[in-house]
Amino acid sequence: MSLIHETDYGTPLSKSEKMVTLTIDGQSITVPEGTSIMRAAMEAGTQIPKLCATDMVDAFGSCRLCLVEVEGRAGTPASCTTPVAAGLVVHTQTERLKKLRKGVMELYISDHPLDCLTCAANGDCELQDMAGAVGLRDVRYGNQGENHVFADACGEANPAWLPKDESNPYFTYDPSKCIVCSRCVRACEEVQGTFALTISGRGFDSRVSPGMSESFLGSECVSCGACVQACPTATLTEKSVIEIGQPEHSAVTTCAYCGVGCAFKAEMRGEEVVRMVPYKDGKANRGHSCVKGRFAYGYATHKERILKPMIRETIDQPWREVSYDEAFKFAADKMRGIQAKYGRDAIGGITSSRCTNEETYLVQKLIRAGFGNNNVDTCARVCHSPTGYGLATTFGTSAGTQDFDSVEDSDVIMVIGANPTDAHPVFGSRMKKRLRQGAKLIVVDPRKIDLVKSAHIKADYHLPLLPGTNVAILTALAHVIVTEGLVNETFVRERCDWSEFQDWAEFVALEKNSPEAVAGITGVDAEAIRGAARLYAKGGNGAIYYGLGVTEHSQGSTTVIAIANLAMATGNIGRRGVGVNPLRGQNNVQGSCDMGSFPHELPGYRHISGDAVRDQFEAMWNVKLNPEPGLRIPNMFDSAIEGTFMGLYVQGEDILQSDPNTTHVVQALSSMECVIVQDLFLNETANYAHVFLPGSTFLEKDGTFTNAERRIQRVRKVMSPRNGLADWEVTIGLAKAMGFEMKYNHPSEIMDEIAALTPTFTGVSYQKLEEMGSVQWPCNEKFPEGSPIMHVDGFVRGKGKFVVTEYVATDERTGPRFPLLLTTGRILSQYNVGAQTRRTDNVVWHGEDVLEIHPHDAEQRGIRDGDWVRLTSRAGETTLHALISERVAPGVVYTTFHHPLTQANVITTDYSDWATNCPEYKVTAVQVSQSNGPSDWQKAYDEQARNSRRIAPIVEAAE
Amino acid sequence: MSHNPTERLVYMANQIGKFFQSQGRDKEVAGVAEHIKKFWDPRMLKTIYAHHDAGGEGLDPAVKDAIGKLKDAAVAKEKA
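In order, the protein sequence lines correspond to chains A and B. Per our numbering, the first sequence starts with residue 390, numbered consecutively. Per our numbering, the second sequence starts with residue 10, numbered consecutively.
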């Protein structure tokens, strides 16, 4: 294996379909119109020297190194900023050019330190490469003159010199090495869209400045790493490279954080990760990254990782480290014992949306075939299960309709209950790029998220609805579309069931659904709703992106249906630029759903009651399957308390911290006789576990993840599992101890079995993934290359189905005791329950959960910024620090759920989506009051957790 | 919200009922029955059937009808 070098073409690809032929150095080349001469030369195999150009950003033309000569044209134009033209004859190497380039390099080097041997970029420095390329042998100016290099100038402080900025935990900024090529500034603007960097000063005073000459950490920088990647020198360098040195081999793999599914090169030295670099050929991220995937991988080697299996009889005992075999036997005996005592259906399991498709498939197989019941669920239950129900009902399949590239063709983007710049940052950046090009934006969200207004982005409409009123707003948007004649009737007649459409149209047209009528419920101005509806219906390609602000409600499924209705009514389905796109929370939520993790469905979303489908699985697995649906996670908890569900196998999921109403979950877990947790760390759920099976990270195993665009991508093993086994091997071990043998030598064999059993996966294999890089399901005989966009020639279910969406208010109501509405979400630097990100330097950005409260509500309660406050709901109470913010509306408060000490889910309630039991995280009636510090509950919880995490010391045998 | 298992199931069933109520009179009972059949595990069904036998207190009328129909079908299937 060697280091993967990606070609830098210097300038971005032109999308023009018109081709142009020219001659470069005597060679004829044909490229799309709009291509730069630099890129055309590179495609022909000639690398023109360059410093300020890189293909992630637009050409800039400042370094004057990429000069060429064009026959019949005067001067020496920069090849990066000069587009090709038919018949041009270009020379990239002439005596004149050689002389000019050498002169330019000489000037650069006269103001650059010559410490190449000890420089962190040694071996990966474009400045060094270019000095070599142009044959620079001498610097006639010396380097004693005015410079940015030395702290002292003739015994006096050099005013032009600036010290290294090491404030960011992951990279350093060394101004003495900067050549002011502006690549970092342009990457921050064009790729990331944050505009945190600028060039301050002019001429010789020019230098890169985060914000107004602030430190990187103190500026608006979001630490995405785009600038570091763009830097041609050691000016911006990963601290890991400074510490370890340059990598020697690399493998392409997929990020294990959010559902965007960024492809990275894991750059290695032996089994040590030197750095993670976003992969330009990654079709989800196109070479971009965020602070989590790029930098926050240190949890893999964190000292708190548990590397040995552990068992205990009761949860008040300390853990005892044992061999895998002993742990498997202990767990198997307990689980089989429970089945003997309470019945076959008294145990179950939860698959992980963080593990691979292959691992998830094995866990559900173990449960259905080995446990002999269908008590399998996954954390998608608590995030996107309403997407499954809603999109299957209306379109016929449970998945987003587009690929991420599609956003490049959107004219109107509607974001509902999602905060992509925090929770799906790389897609957020791609969306912002399109918005800066002129696409219109509608944001439906209770909070003023960054998309509402941030650098060079402003929503055309922000509908700041009261939490819990999604259906009312969406039906009102439909009301405007129907009553103002904005329906795309041709599309509806061709693609959808016309009579169902008519029933729906009649319903939405009712006066009670008009923007004016719902304004009182939603708190949103009727004219804004009308304007947004007109824009979405008539603004060109309209795309909807939504998140958990849609699904995590008592009417989550109804809201998804309402979104699908809107897209169908306006004909915004089945081509690039449009569609309905759920932004998935975890890396493999889509995959875990596809792999049959829901209790009622076998892989490929086929109901367990179908005889033909069951026959197929029974034949392959050689076992009889139970035709009745099993328990969903909330039902498991209820049944545990009731005494009919007593054993649980949880892979890679912290249900105690992430599920609502923590006290209820604690009660359920404490009622069980055997809880098996497979995880990297002793998570909160493990406090109530009897068996701990150590997990492996995405760096330590082979497999695949499926992202929010249905894209199946490889996860590649770059180091041995520190715990000894990959997660799929652990499941096989547990299954074997329970008397159910599963034999696979490699995850590719598991994928072959999935492909053989799942109609939408029949064309998927590791071989195919090697060839194509990634593939979007359905991938089968009909779509051998996969399906970037779904429902192109018709809906999967046949005719698109319109469904009436009546608004039903949640039973979680505000009142005198609980007058405020709490809504919860994520922040950029942390991920879900924080088990991974809290164990990295990402804590410098977010060390604790805080409560965002509007100044008006804060003043009424005498709360100042930073005060400890008590947050109380009907379910429980906790304390945290207040952050006074106008991002929330009066009457609404907001917090995150990344930290176990806060336990935001002590507050959330048991209310759930009517169709899928997805919890109503987004609406809780609360009161906020002053407090002196952690509540008694928090103290007691903390003590229980400490006690439960004890590991018995190993007693050495006497000699 | 109540933690009594039966009361929770009654609440869930009525929530399903509220959705299908808006789908038109002919779909209401059938919709509720189909949804419950598709997503509820046997022990949840057993509990709600027992509650139905005991008078079905708290169940909205259409939901009560739907559960009655499911129960009858289950009994008939068992006999067959």
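Hint data in this document are derived by calculation from the structure and do not stem from the laboratory. Incorrect hints may appear among the rest.
Not the full set, but computed from the structure, chain A residues with beta-carbon under 10 Å of chain B [said to hold, decoys possible]:
| hint | residue |
| --- | --- |
| 1 | Asp734 |
| 2 | Ser946 |
| 3 | Pro988 |
| 4 | Gly993 |
| 5 | His996 |
| 6 | Asp1000 |
| 7 | Ser1028 |
| 8 | Glu1031 |
| 9 | Thr1194 |
| 10 | Glu1195 |
| 11 | Val1197 |
| 12 | Ser1301 |
This one's a predicted model, so the numbers in the text were calculated from it and none came from an experiment. Don't be surprised by glycine CBs; every beta carbon is placed ideally from N, CA and C.
A quick look at each hint next to the structure:
1. Asp734: 7 Å, holds
2. Ser946: 8 Å, holds
3. Pro988: 7 Å, holds
4. Gly993: 16 Å, violated
5. His996: Nearest chain B Cβ about 7 Å off; hint holds.
6. Asp1000: 14 Å, violated
7. Ser1028: 6 Å, holds
8. Glu1031: 5 Å, holds
9. Thr1194: 8 Å, holds
10. Glu1195: At about 3 Å, which falls below the 10 Å cut-off, the nearest Cβ of chain B leaves the hint on Glu1195(A) intact, so it holds.
11. Val1197: 5 Å, holds
12. Ser1301: 8 Å, holds
When the structure is compared with the earlier hints, violations turn up for hints 4 and 6 and for no others.
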